[in-house]
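S.K.: Residue numbers (the numbering used here), protein chains in the order written: chain W, 1 to 246; chain Z, 1 to 224.
Careful, some of the hints might be misleading.
Simulated crosslink set (DSSO-like; lysine-lysine; CA at most 27 Å straight-line) [claimed, not checked]:
id, chain 1, residue 1, chain 2, residue 2
1, Z, Lys-8, W, Lys-65
2, Z, Lys-223, Z, Lys-158
3, W, Lys-36, Z, Lys-8
4, W, Lys-217, W, Lys-34
5, W, Lys-181, W, Lys-213
6, Z, Lys-209, W, Lys-242
7, W, Lys-121, Z, Lys-70
Quick partial rundown of chain Z residues pointing at chain W, CB under 7 Å, derived from the structure [unchecked claim]:
id, residue
8, Ile-9
9, Pro-12
10, Gly-19
11, Phe-90
Beyond 12 Å from chain Z on every Cβ pair, some chain W residues (computed) [stated by the list, open to error]:
id, residue
12, Phe-19
13, Ile-55
14, Lys-65
15, Pro-68
16, Asp-194
17, Thr-200
18, Gly-212
19, Glu-224
20, Gln-232
21, Lys-238
22, Glu-243
These are computed hints drawn from the structure, not numbers from a lab.
Just so we're clear, the structure is a prediction, and the values are computed from it rather than from any experiment.
Where is the CB? At the ideal position from N, CA and C, for every residue including glycine.
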Amino acid sequence: MTTFKSKSEISTQTNKDSFERPDGRKIDEIRPMKAKVGIIPNADGSAMFSFGDTIAIAAVYGPRKMHPQHSQDPEKGTLRCNYNMLSFSVTDRIRPGPSRRSTEISKITEWALEPILMIDKFNSMVIDVHIHIIQANASTRCAGINAAALALAHAGIPMRDMVSSVSIGKLDKQLVVDVNKDEEDWEEGEGATDIPITLTSNGEITHIQLDGKITSKELKDAIELAKKATKQIYELQKKTLKEMKE
Amino acid sequence: MSDESSRKIVIPGEIIERGNDFLPGEGTEKRGEDIIALKYGLAEESNNLVKVIPLSGVYLPRRGNVVIGKVENITFNGWVVDIGCADGAFISLMEVPRFVNKNELDEVMDIGDMVVAKIIGVNKRGVDLTLKIRGLGKIDEGLIFKINPNKVPRVIGKEGSMIKLIKDETGCDITVGQNGLMWIQGDSIDKELKAKEAVMFITERSFIKGLTEELKKWFEGNKK
């Protein structure tokens, strides 16, 4: 198990130096991260990734023949993601099974990972990625994407690059890195805006989501913050894969 | 950097070598002046050719590989064989080195039989196999078990050194399928099990250097 205590030396464009986050973190500080590869023996590739209390596990199966046959693509391979939040992952038990939210996140994860995969030669085959959130404290889709990227690498799938994902939050007017549940429900001032961003190690964006109010300058700052944060995540992913010995 | 000590683990997107002195091999790509890894595995360089040997993942069939499979189905002109990959594998009637009565294909190989075959082609429809080489054909007796296909090169060793050692020590005949299935045939079950134990010994310690020496010691220790 590789652990990572984030230390921050980056001074960000803080207009209010006195901004305090509910858990006392610095504005560009990620919760302590953990990552592990090869956690599911029956899968072709698997990984765990966590941001503090948010824990995601991912399993990759394939490349294998696509079933049902009518959804086969004879020209290239297909990526199929499945995001699932377990019923005990949150304080109030959630109804198990697919929901409107989980189908959306599954699709989003697919779009975030597709640009880095080189699966055009796997004709009529499919790569299945199953992501389970076993404990949730916001930023679950980001933890899921990070775990899925590790699991895909572990499964020996050809990839152009690795991806790392982080959520940037806007609490009132302050940008912060890696939001947790308390911050997601921020109600002071303008309220909270959550911006999950996924970047390759070169800093190319494969996924960005936003709902809420933000100025274009703030969005640019948010992307810069994400670039710095994903660098730390990438280093952890790299370290985890390199240290793995069966 | 051509000796074994220079092997390093790389992750997708990582730069393995810089500059124009190197050629991209399997599992790598040239991007500008750099050689980039496309897979997670061990980077190896020989004669300026850089390649990545995967450490995990499923078996990908390649032409020339000898594989062991199970007959899944019989069609009017051949056998469908499961070799543990996404594509179905097929042995055509024409690829059997003897006369076969078209109505009695199951006399040669029946569903459930294990077979050693060589891949003669991989195409969009699947994998084509042949039996027309010495040493290939239906397996009648012996011990068959599966290991991780990525560890097959380690079990075989440099120029077959490792597998030769096991063969000499146990007196068993061993066939290694590139898809991870192994077939051991010896005079007694004890010898076969000994050979299997030796293979398991290797797969559990595949990341250790000088494993051939370790295995020699293991054999000596087990004799007493």
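S.K.: All hints are to be evaluated individually against the structure, with a verdict given for each.
M.R.: Each hint, compared with the structure:
Distance check on the hinted pair: Lys-8/Z and Lys-65/W sit about 32 Å apart at the alpha-carbon level, beyond 27 Å; violated. Distance hint between Lys-223/Z and Lys-158/Z is fulfilled; the C-alpha atoms sit about 25 Å from each other, no more than 27 Å. For the proposed pair Lys-36/W and Lys-8/Z, the alpha carbon gap of about 19 Å is at most 27 Å, so the pair holds. At most 27 Å may separate the alpha-carbon atoms for a hinted pair to count; Lys-217/W and Lys-34/W exceed this at roughly 32 Å.
Distance check on the hinted pair: Lys-181/W and Lys-213/W sit about 19 Å apart at the alpha-carbon level, within 27 Å; holds. Between Lys-209/Z and Lys-242/W, the direct Cα distance comes to roughly 17 Å. Compliance with the 27 Å bound is thereby established for this hinted pair. Restraint check for Lys-121/W and Lys-70/Z: satisfied, since their Cα atoms lie roughly 26 Å apart, inside the 27 Å limit. Here the hint on Ile-9/Z is kept, as its CB sits about 5 Å from the closest CB of chain W, short of 7 Å.
Hint on Pro-12/Z holds. Least Cβ distance to chain W is approximately 4 Å, under the 7 Å limit. Given the 7 Å rule on beta carbons, the hint for Gly-19/Z is violated: about 19 Å separates it from the nearest Cβ of chain W. The beta carbon of Phe-90/Z comes no nearer than 14 Å to any beta carbon in chain W, farther than 7 Å, and the hint placing it at the interface is violated. A cut-off of 12 Å between C-beta atoms confirms that Phe-19/W is not in contact with chain Z; the least separation is 35 Å.
With a minimum CB-CB distance of about 22 Å to chain Z, Ile-55/W clears the 12 Å threshold, and the non-interface call stands. A beta-carbon of chain Z comes within 12 Å of the beta-carbon of Lys-65/W; the shortest separation is about 5 Å. With a closest Cβ-Cβ approach of about 15 Å to chain Z, Pro-68/W is found to remain outside the 12 Å limit, as its non-interface label requires. The Cβ of Asp-194/W lies farther than 12 Å from every Cβ of chain Z, with a closest approach of about 27 Å, so its non-interface assignment holds.
With a closest Cβ-Cβ approach of about 7 Å to chain Z, Thr-200/W is found to fall inside the 12 Å limit, against its non-interface label. Consistency note on Gly-212/W: stated as away from chain Z, and its beta-carbon is indeed over 12 Å from all of that chain's, at 32 Å minimum. No Cβ of chain Z comes within 12 Å of the Cβ of Glu-224/W; the nearest lies about 21 Å off, and the non-interface call holds. Separation of Gln-232/W from chain Z is adequate, the least Cβ-Cβ distance of about 16 Å exceeding the 12 Å criterion.
A beta-carbon of chain Z is positioned within 12 Å of the beta-carbon of Lys-238/W; the least distance is around 6 Å. Not every beta carbon of chain Z lies more than 12 Å from that of Glu-243/W, the smallest distance being close to 9 Å; the non-interface claim is violated.
Hints 1, 4, 10, 11, 14, 17, 21, 22, counting from the list given before, are not met by this structure.
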